[in-house]
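Protein chains: 2
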Amino acid sequence: MEKRKGDENKEKQVDESALIVNPGIEQPPSINEDAIKRFKAKKRKQLGVDDYFKGIREGNITILSQAITMVESSLPKHQEIAHRLIEKCLPFSGNSVRIGITGVPGVGKSTFIEAIGGYLTSKGHKLAVLAVDPSSEKTKGSILGDKTRMETLSSDPNAFIRPSPSAGSLGGVARKTRETVILCEAAGFDIIFIETVGVGQSEVAVHSMVDFFLLLMLAGAGDELQGIKRGIMEMADMIAITKADGHNVNKAKLAQAEYQNALHLFPPTESGWVPKVVTCSSVYKTGLPEIWDTIESYMNLTKENGYFNDRRSQQAKYWMYESINEELSKRFYNSASIKSVISSIEDEVVSNKTTSFAAAQKLLDIYFDRGNENSK
Amino acid sequence: MEKRKGDENKEKQVDESALIVNPGIEQPPSINEDAIKRFKAKKRKQLGVDDYFKGIREGNITILSQAITMVESSLPKHQEIAHRLIEKCLPFSGNSVRIGITGVPGVGKSTFIEAIGGYLTSKGHKLAVLAVDPSSEKTKGSILGDKTRMETLSSDPNAFIRPSPSAGSLGGVARKTRETVILCEAAGFDIIFIETVGVGQSEVAVHSMVDFFLLLMLAGAGDELQGIKRGIMEMADMIAITKADGHNVNKAKLAQAEYQNALHLFPPTESGWVPKVVTCSSVYKTGLPEIWDTIESYMNLTKENGYFNDRRSQQAKYWMYESINEELSKRFYNSASIKSVISSIEDEVVSNKTTSFAAAQKLLDIYFDRGNENSK
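First to last, the sequence lines map onto chains A and B.
Oh and the first sequence: position 5 is 1247 in the working numbering, straight run, nothing missing.
Oh and the second sequence: position 190 is 1432 in the working numbering, straight run, nothing missing.
Treat the hints as calculated values from the structure; they're not laboratory data.
Errors might be hidden in some of the hints.
No copy labels: a pair is met if it fits in one copy or bridges any two.
Straight-line alpha carbon distances no greater than 25 Å define the calculated DMTMM-like cross-link-like pairs of lysine to aspartate or glutamate that follow [to be verified]:
(1) Lys-1559 / Asp-1611
(2) Lys-1595 / Glu-1564
(3) Lys-1604 / Glu-1569
(4) Lys-1518 / Glu-1500
(5) Lys-1518 / Asp-1487
(6) Lys-1368 / Glu-1532
(7) Lys-1365 / Glu-1393
(8) Lys-1559 / Asp-1589
(9) Lys-1296 / Glu-1329
(10) Lys-1365 / Asp-1432
(11) Lys-1572 / Asp-1611
(12) Lys-1581 / Glu-1569
(13) Lys-1330 / Glu-1300
(14) Lys-1572 / Glu-1588
(15) Lys-1319 / Glu-1568
(16) Lys-1581 / Asp-1611
(17) Lys-1518 / Glu-1476
(18) Lys-1559 / Glu-1590
(19) Lys-1572 / Asp-1607
(20) Lys-1365 / Glu-1532
(21) Lys-1595 / Asp-1552
(22) Lys-1368 / Asp-1292
(23) Lys-1595 / Glu-1569
(24) Lys-1527 / Glu-1500
(25) Lys-1604 / Asp-1552
(26) Lys-1595 / Asp-1292
(27) Lys-1581 / Glu-1564
Model the full assembly from the supplied sequences, consistent with the hints where possible.
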């Protein structure tokens, strides 16, 4: 319409001005009305729970990805879909080996996963690689965020790689990861890797959702320990000394012997399993079959002695109670009445003006005196 | 009065009956009226907060014991006294080394504490020995319950031994122990031992209230590890191999070397301290000065690098948050609406009929829908 007006003024311009503007060609509108109709039609056809379920059961990776996006979404509509989908997938889940993999940055987690992942898919396994890294939102250094580090594996039709959900608390990330595991298992993945960085609270979370916990370490004169949190070594079912190639082979073998001796001094595990120390090279692909054989021995042992199922039940209960406790705390610490006083009360505790317990009581009194308001 | 009546009837009996009852001697009343008056007077004079405070500051062990009984009591009247007393003692607390001591039954904790305790009091220290053992109520096997195991130390005027409070939850026991520490410090004790058995959750609690954590172990072929919980070794600032005497000396030296090597492989501690392994004999009193010297080096290091104060502040905050979280959980799990459904919902989770998170949500909805009732 505007263009038409311009066109009508054209003759006038010629008369009234020395500046001659050539008429030119009419530009097409910048918005394609047809495309909008097509997109809207497509959007209206958003997948329902049954579509997701069917796609997942057929092993359709695209639909699996979309379903995981629903799990990770904070929109109530998406959460509703995710909730129903997960309940539907639950009877088809559980038939995998869930393996936690940790190690500090620089230990070679990505290349290790790429190498052993290729070995496993070549043996006919279907492998899903997930990650738990609640820090990724802040640091933007999300593990697995850079898929190019696993170039071969990410184009392997029998492998599925999904970066850490970046939203919110450790509890939130843990929930999303556990639910993603259910979807992956229902989609036929029989090995699930859950990767984490060995520096924070997230290993405890990952340890509480896997069957087997693998710690990757570098051989060296002690420097390799920098950054690993104390307590993680005792959680490991296996330690793999990475980069055992070239000049490093002897150093790696020595480290293997040392760690094996050290682990012997540890108290026995609940599972009856004696943690193993192995060496491997992701570049030369050595040690990888041994690692997988060891995991299989562990699975045989724990399935036979009942620990495997016990542990999965314990983990299911653990996450139920953990979720409840997290929500109770969240409501408490996010309530306006607590927020307004907690830092000054914490200061009193730290400066020894009151005891931890008197301060806790004071806060609890403040919270529960408000009654209704805070309980909602 | 009754007796007098009997006496008057005496003549009559002689006349009216063939049965002759000899008059006998009047019995004194079974209740001593004077004593009642004395007891009542004493009870009315129950100590007030100021009396306790004065006694504690004078180092009066009897009054200290009575004050701890107030701390351990669940009567609101006693708790009120304890609360005010602790706040009063707080500015005089903190000037001690708090040492956690753990090890499985049989490792010789009591004889070790008796031996090193005697060494420390002979050097002019004042030592309080407390214990954390929440299981003691159930098992009746309270540690330190049997003071005869520390015969010499319990009659030492510079030592004060107090068994574990036996009431209730770990959180409750922890609170009472931390408050007892404050009283003991205000009473002039400059070394506090907190003993625990290395088999449960209580080590984590003790570790969170001490400056230094000592793990006692036996030399042997691995059997000594039975019963120690995984994760405890990595909490230790020092491992002492006990019973390093007679035939055992070589075995103990070997174990020492092995553990020292193992600890070198552990990640560094936050404090910058490298955990030490020593041997000792409680019978021959060998190794005890070295243990104390090591603890003093630790204190010097951590006071210099600031870790000592940081850690105490962290601990104070930890117990504030821990107490709040415990109370929030207690109200939730003890509420009638949750109690009536939780086990059936837990069963659904374990049998994979629902996810941990959906179950948690269901329980939270039940709890918070009741609103007012549950928040009180």
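Evaluation of the provided hints:
1. Lys-1559 / Asp-1611: between (32 Å within a copy, 23 Å between copies)
2. Lys-1595 / Glu-1564: between (32 Å within a copy, 19 Å between copies)
3. Lys-1604 / Glu-1569: Both ways: Lys-1604 and Glu-1569 sit 21 Å apart in one copy and 12 Å across, limit 25 Å.
4. Lys-1518 / Glu-1500: Answer is both; intra-copy 12 Å and inter-copy 18 Å each pass.
5. Lys-1518 / Asp-1487: Within one copy only: 20 Å inside a chain, 34 Å across chains, cut-off 25 Å.
6. Lys-1368 / Glu-1532: Close inside one copy (19 Å), not across copies (57 Å); limit 25 Å.
7. Lys-1365 / Glu-1393: Cα proximity of Lys-1365 and Glu-1393: one copy only (19 Å, versus 67 Å across).
8. Lys-1559 / Asp-1589: between (36 Å within a copy, 9 Å between copies)
9. Lys-1296 / Glu-1329: within (14 Å within a copy, 65 Å between copies)
10. Lys-1365 / Asp-1432: Within one copy only: 12 Å inside, 65 Å across.
11. Lys-1572 / Asp-1611: both (18 Å within a copy, 17 Å between copies)
12. Lys-1581 / Glu-1569: Classified as both; 16 Å inside a copy, 18 Å across copies.
13. Lys-1330 / Glu-1300: within (14 Å within a copy, 70 Å between copies)
14. Lys-1572 / Glu-1588: both (17 Å within a copy, 22 Å between copies)
15. Lys-1319 / Glu-1568: within (23 Å within a copy, 34 Å between copies)
16. Lys-1581 / Asp-1611: Both. Shortest intra-copy (15 Å) and inter-copy (23 Å) distances satisfy the 25 Å Cα cut-off.
17. Lys-1518 / Glu-1476: both (12 Å within a copy, 18 Å between copies)
18. Lys-1559 / Glu-1590: Classified as between; 10 Å across copies, 37 Å inside a copy.
19. Lys-1572 / Asp-1607: Answer is both; intra-copy 17 Å and inter-copy 15 Å each pass.
20. Lys-1365 / Glu-1532: within (14 Å within a copy, 57 Å between copies)
21. Lys-1595 / Asp-1552: between (46 Å within a copy, 16 Å between copies)
22. Lys-1368 / Asp-1292: within (23 Å within a copy, 73 Å between copies)
23. Lys-1595 / Glu-1569: Between copies only: 22 Å across, 30 Å inside.
24. Lys-1527 / Glu-1500: within (23 Å within a copy, 33 Å between copies)
25. Lys-1604 / Asp-1552: For Lys-1604 and Asp-1552, only the inter-copy Cα distance (24 Å) is at most 25 Å; the intra-copy one is 40 Å.
26. Lys-1595 / Asp-1292: between (60 Å within a copy, 19 Å between copies)
27. Lys-1581 / Glu-1564: For Lys-1581 and Glu-1564, the Cα distance is within 25 Å both inside one copy (23 Å) and across copies (17 Å).
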